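*Asks:* Here is what each chain is made of, one letter per residue.
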Amino acid sequence: MAGLMTALLAVVALAAVAALGAGAGMSEVFGIAVPYVAVAIFVAGFIKKVVGWASTPQPFSIATTGGQQYSLPWVKQAKFDNPSTPGQTFIRMALEVLCFRSLFRNTKLDNRVAEGRVAYGSDKSLWLFALMFHYCFLVVFIRHFRFFLEPVPMIITGVEFVDSILQIGVPTLYLTDVFLVVGVTFLLARRLWDPKLSYISLANDYFPLFLILAIALSGIYMRYVAKVDVIAIKQLAIGLVSFKPYIPPNIDWSFYMHFFLVCVLWAYFPFSKLMHLGGVFLSPTRNLPNNTRMERYINPWNDPSIKPHTYEEYEDDFREKMIEAGLPVDKEA
Amino acid sequence: MSKMAPPEELMNVNYATPAEAWMDVKPEFKLGNYSYPGKPDVLKYLGLPNPREWNPTEEDWKLPPDWRDIIRDGFRELLGKYRSLKIFMDCCVRCGACADKCHFYIGSGDPKNMPVLRAELLRSIYRGEFTVAAKILGKLSGSRKLEEDVIKEWFMYFYQCTQCRRCSLYCPYGIDTAEITFLARDLMNRIGVNINWILEPAANCNRTGNHLGIQPHAFKDMMEFLVDDIETITGRRVEPSFQRKGAEILFITPSGDIFAEPGIYTFMGYLLLFDYLDLDVTWSTYASEGGNFGSFMNDKWMKKLNAKMYHEAKRLGVKYIIGGECGHMWRVLNQYMDTMNGPADFLEVPKSPITGTVFNNAKSTKMIHLVEFTADLIKNGKLNLDKSRNAGITATWHDSCNTSRGMGFFEEPRYVLENVVEKFVDMPAQTIREQTYCCGGGAGLNNGEFTEMRLRGGLPRGNALKYVQEKFGVNTMSCICAIDRATLPGLADYWAPGVTVTGLHELVGNALVFDGEEPRTMNLRQEDLPGIEGSEEEE
Amino acid sequence: MNTIEELLAANREAIVQDWYHHILDTYPAETAKLWKKGGDPFANPVAVRSRQGAEAVVRYLTMAEDPKALEAVLDFLDEMIRVRAVQNFTPSQAAGFIFLLKKAIREKLWHDLKRLDIWEQFAAMESRIDGLALASLDLYAKCREKLHEIKYNDLERSQVQLLKRAKLIVGIGEGESA
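Chains as they are written, first to last, in our numbering: chain A, 1 to 333; chain B, 334 to 872; chain C, 873 to 1050.
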């Protein structure tokens, strides 16, 4: 619980700092200095971490096999759960990264006593909400490019069009806003109410969830309630990306709060478990083929000086007994 | 009502106790939940540090004075050598998908048996020692200081993990607790915290070639007992050879098969099959252990013990190697052997001399699984099998963890099994194949003092077994792992009494019909075959 | 509703639920919370067995004494105790969960018992539960005996050939009969 409260208070404090600070005439700090620093930390931190992983050797090829191996020609291989070629491994990774294949496995037995049989239902709630959350986050992220690009590329307007297809309200409601909040709320709720999860959860599990929730809610407030001056914000954004920073007047405090929390997320990212974004691609139990009897996998630090206790030493140890027992020996006694 | 003593008081159940954070709960060592520590002589033989007499239940574990530095430096070294470790330390989001997947957790309810917490035991130290963020946030970030209690916790829980990898299957980032356990044990070995049932067998395998330390002449004697038994049962005298130079095939199986029940019946199955095929195969007393106890210690000893196989194959000049029914052995053979001790360029790509099938799936290691070999024989109609010799058996199949999640060996053994028994039923889908539950004895936990914990961990497997026993009349569980064959009989006896455990080639040996043979009256266990009266003398 | 059996039958589900929760509360708190959610017999065998056992015992107590029914209920108790016997519990904790049923019943039925003044029946009911507790103790002891038997058998099985060789034994039945 300490972790939960700390994380919550931290996010509230951060939000308050930005809201009050921007109101107190520190908009240059929150609109220019902080974002540059945050993005710099993110880029440098992310690269450092990924390079740190990539430069560490993976000594053994240790795929977790989730299906039938490549075997005799008449045995059907589970190509994407137990890949034996780079192509199959690529598909396995794609299924993992794009469809969260492993979470989908979370089957649960559904004992239908009334029907007198045992059936297989599934516990796919985590898979569903995790997928919802991540994809909505991605769409929201892509949508935000319209603030940084002029003219706005077709692809982004296309995404926006589909996202607001239900045409609810003015400005029209983005579906991903809703689903993002639903997704993150679910992920938070299960940490609070699932006993095994609350037991294992740390402050750094709650913090990103509260932070993302606060970002989403502040964004929603800006768009649907405060109806902030989008043109002015775009001026600020373009100024930042073109390295000609400029603070337009009349930007609502809520923008600075939203923007500051996003900056916190950028800066926090490389030092947190959010790095699973990069790690998932490098996980050796998933990104290596199970072909280790066909192709020799090389370990760069394999130590050739490690030799077995040799047969000769063995024979020296037991020669007489071996001869007596009629076992063949290389050297007679 | 107040005058009656509430029963929970007598039982010491306290409902009001607030749950402590896991870091504040200290491990409690009780007979049955830990394995005995390594003996000083064995440590000395293996060249491992800090040999001494010590007892986990005592306060003082007699760690070396600089143990903190050793662990820190060792951890840093492993982080530099294993990308897997770095990723697994950094990427866990504690989503909980693994939490209820561990057989030890399901059976014991001890939260630290949840794979995520097992890994956090190491991760908390990683954060505390190697990350910036944690240094600022301290305990809140889930980091902690390296204290003796942490080592005690490691000893408890990394020796309550069978490295079965079931949790790894469900993890969205593929975090593999087996890898974490393996490396944690490596660290503990550096300060002399280890268990004897791993070290002594490893030492024995190194010196004598088998884990009990049987000397070569005695090994041969035991083979002869089995040859005699085969003659009693079938009337045939099989003639296995040892260390025969120029043989086509070297055969290596876990040594448990030659001296332990029910492995010996599987061993007899191997001998009968080779005799039936007139296979040019030889055995070695030097390389007579398939199982790799080094793989429960560290990468050095895994390599050193495994290297004996190629060393012997080269000396004898065989063309390729066939491996018997074993679990960890096959994890090592499939995922480590070629990397550590290859390339095996002195061997040839395995080709079945009977069917001509070339085993391209082992074209680099040049080592095939006997079950692949047998499945190919059956598919090509090369074996005359009489299922009625296994009549009365309703079999189920236990997928061994290592061949399942470290290889993917599912159809071949089922195909063989279906061809040698009349009735075969699988256990419920979420307890077999890649989702199979461990027997509880893997990774060096198959020792006598650990039986109680092992039975606890065996509950999920036993429970599924009992289900098919009651529902379909299953009376036999077959498997391809020596540790299974050692562990499952006890597990079955406790959780599903009445179910017999067999190796696969025991059933093959039973069903195999030789040309012009004398009709068999008993199976390899010397039990009367169904429908055949007891011997005539008794009438 | 005048007899304690009828009272028990009327409150069966609530009492089973209470007792079941008391039983799971003998595990670490976090695990207890998780297991109380029950569910899948293959993923969560401890909870499912405890639940089925609790139901069977309470149903048994709602009926009059019957040796056959007793046998059936002992099978259920066996399923529960078999699990608890290898779970690091002391003997009293492993076999004593049956007394927690008393707690569940007292808490649920106290007012009705008072109102109907059927203390004699209540005492008889508690005696029946005591009987089950004694039977549980037997079952527990059997499980522990089994555990040691398994240890012994494992040891013997693991080196059967070595014993054969060391003793150079001859199996009776291999030669001529006496």
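Check before you lean on any hint, since a few could be wrong.
[Claimed, not checked] Below, a list of computed lysine-lysine pairs in the DSS-like style, where the Cα atoms sit at most 30 Å apart:
1. B:Lys363 / C:Lys905
2. B:Lys647 / A:Lys307
3. A:Lys48 / B:Lys684
4. B:Lys553 / C:Lys1036
5. C:Lys1036 / A:Lys124
6. B:Lys720 / B:Lys647
7. B:Lys804 / C:Lys1023
8. B:Lys720 / A:Lys76
9. B:Lys478 / C:Lys908
10. A:Lys331 / B:Lys363
11. B:Lys633 / A:Lys307
12. A:Lys49 / B:Lys647
13. C:Lys908 / B:Lys359
14. B:Lys445 / C:Lys1036
15. B:Lys372 / A:Lys307
16. C:Lys1036 / B:Lys363
17. C:Lys1023 / B:Lys445
18. B:Lys359 / C:Lys909
19. B:Lys647 / A:Lys331
20. A:Lys79 / B:Lys684
21. C:Lys1036 / B:Lys485
22. C:Lys1023 / B:Lys359
23. B:Lys445 / A:Lys124
24. B:Lys478 / A:Lys48
25. B:Lys804 / A:Lys321
26. A:Lys307 / B:Lys472
27. A:Lys331 / B:Lys553
28. B:Lys684 / A:Lys307
29. A:Lys321 / B:Lys377
30. A:Lys307 / B:Lys652
31. A:Lys321 / B:Lys720
32. B:Lys372 / C:Lys1023
[To be verified] To give a feel for the contact side, a few chain C residues facing chain A, derived at Cβ under 10 Å:
33. Asp897
34. Ala901
35. Thr903
36. Lys905
37. Lys908
38. Arg1000
39. Ile1001
40. Ala1005
Derived by calculation from the structure, the hints in this document are not laboratory data. These figures come from a predicted structure and were not determined experimentally. Ideal placement from N, C-alpha and C gives every residue a C-beta, glycine not left out.
*Asks:* Take the hints in turn and mark each one as holding or not.
*Replies:* Results for each hint:
no.	hint	in the structure
1	B:Lys363 / C:Lys905	holds (25 Å)
2	B:Lys647 / A:Lys307	holds (14 Å)
3	A:Lys48 / B:Lys684	violated (49 Å)
4	B:Lys553 / C:Lys1036	holds (13 Å)
5	C:Lys1036 / A:Lys124	violated (54 Å)
6	B:Lys720 / B:Lys647	violated (39 Å)
7	B:Lys804 / C:Lys1023	holds (29 Å)
8	B:Lys720 / A:Lys76	holds (25 Å)
9	B:Lys478 / C:Lys908	violated (34 Å)
10	A:Lys331 / B:Lys363	violated (51 Å)
11	B:Lys633 / A:Lys307	holds (10 Å)
12	A:Lys49 / B:Lys647	violated (44 Å)
13	C:Lys908 / B:Lys359	holds (25 Å)
14	B:Lys445 / C:Lys1036	violated (42 Å)
15	B:Lys372 / A:Lys307	holds (24 Å)
16	C:Lys1036 / B:Lys363	violated (34 Å)
17	C:Lys1023 / B:Lys445	holds (26 Å)
18	B:Lys359 / C:Lys909	holds (27 Å)
19	B:Lys647 / A:Lys331	holds (17 Å)
20	A:Lys79 / B:Lys684	holds (24 Å)
21	C:Lys1036 / B:Lys485	violated (40 Å)
22	C:Lys1023 / B:Lys359	holds (28 Å)
23	B:Lys445 / A:Lys124	holds (25 Å)
24	B:Lys478 / A:Lys48	holds (25 Å)
25	B:Lys804 / A:Lys321	violated (53 Å)
26	A:Lys307 / B:Lys472	violated (44 Å)
27	A:Lys331 / B:Lys553	holds (19 Å)
28	B:Lys684 / A:Lys307	holds (29 Å)
29	A:Lys321 / B:Lys377	holds (26 Å)
30	A:Lys307 / B:Lys652	holds (22 Å)
31	A:Lys321 / B:Lys720	violated (42 Å)
32	B:Lys372 / C:Lys1023	holds (21 Å)
33	Asp897	violated (13 Å)
34	Ala901	holds (8 Å)
35	Thr903	holds (8 Å)
36	Lys905	holds (3 Å)
37	Lys908	holds (9 Å)
38	Arg1000	violated (28 Å)
39	Ile1001	violated (27 Å)
40	Ala1005	violated (29 Å)
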